[in-house]
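A.B. asks: When you get a sec, could you build the whole thing from the sequences and use the hints?
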Amino acid sequence: EDQVTQSPEALRLQEGESSSLNCSYTVSGLRGLFWYRQDPGKGPEFLFTLYSAGEEKEKERLKATLTKKESFLHITAPKPEDSATYLCAVHNQAGTALIFGKGTTLSVSS
Amino acid sequence: DAGVIQSPRHEVTEMGQEVTLRCKPISGHNSLFWYRQTMMRGLELLIYFNNNVPIDDSGMPEDRFSAKMPNASFSTLKIQPSEPRDSAVYFCASSSGYQETQYFGPGTRLLVL
Numbered sequence: 001e002d003q004v005t006q007s008p009e010a011l012r013l014q015e016g017e018s019s020s021l022n023c024s025y026t027v028s029g030l031r032g033l034f035w036y037r038q039d040p041g042k043g044p045e046f047l048f049t050l051y052s053a054g055e056e057k058e059k060e061r062l063k064a065t066l067t068k069k070e071s072f073l074h075i076t077a078p079k080p081e082d083s084a085t086y087l088c089a090v091h092n093q094a095g096t097a098l099i100f101g102k103g104t105t106l107s108v109s110s
Numbered sequence: 001d002a003g004v005i006q007s008p009r010h011e012v013t014e015m016g017q018e019v020t021l022r023c024k025p026i027s028g029h030n031s032l033f034w035y036r037q038t039m040m041r042g043l044e045l046l047i048y049f050n051n052n053v054p055i056d057d058s059g060m061p062e063d064r065f066s067a068k069m070p071n072a073s074f075s076t077l078k079i080q081p082s083e084p085r086d087s088a089v090y091f092c093a094s095s096s097g098y099q100e101t102q103y104f105g106p107g108t109r110l111l112v113l
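Residue numbers (the working numbering), protein chains in the order written: chain S, 1 to 110; chain C, 1 to 113.
Here are the simulated SDA-like cross-link-like pairs (lysine to any residue), alpha carbons at most 25 angstroms apart as the crow flies:
id : chain 1 : residue 1 : chain 2 : residue 2
1  : S       : K102      : C       : Q37
2  : S       : K102      : C       : V89
3  : C       : K78       : S       : T96
4  : S       : K42       : C       : Y98
5  : C       : K24       : C       : I55
6  : S       : K59       : C       : S96
7  : C       : K68       : C       : N52
8  : C       : K78       : C       : M60
9  : S       : K42       : C       : G59
10 : C       : K78       : C       : G42
11 : S       : K57       : C       : T101
12 : S       : K69       : C       : Y98
13 : S       : K42       : C       : F74
14 : S       : K102      : S       : A53
15 : S       : K102      : C       : T101
16 : S       : K102      : C       : E62
17 : S       : K102      : C       : T38
No lab work stands behind these hints: they were computed from the structure.
C.D. replies: Shown next, in the form of structure tokens:
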């Protein structure tokens, strides 16, 4: 069964304290792994797409990496405005739907 | 450039009433998706349209739910009759192809009393 698991469920950091979020997946024939950011009361906002093991993408303080079984979202020197829920998703085997993890809620305090 | 537009943003209704949610995808996108988000189950796909044709509706919970896409710029998700367990946030997303990046609207927060 296609599945996405994210950990931890919640993460509290001090401003400047770097950390990583994990997304592990089980799907045959990965067609893309997606990271989204969701702020309270808003829709998911696209961050990155990764397609093959070893691939990395960066945007400001965020860097996403991909292996054959999992992806990491590294947050370097986070700021309070990075506080949000980060969602990971993969296409199902048929490629017709995104399967989302439950997300990691990040809180960064100053 | 306008993103995905959804209306209404909030809907409060009583059990048994009909609810219609609306979505305008990003211009030029030919794939449209309806999702439901709850605390317990997270984000789940309800139905997927490609070129206005429903391709995968396996996520539609039951016959009380129906979705239409009469043209490339408009889609509706209807619940009739509504039940309290339908309370959730409903998102519409669109993409330029069925495996391309999906862009989400702001969602409709539905509360069925």
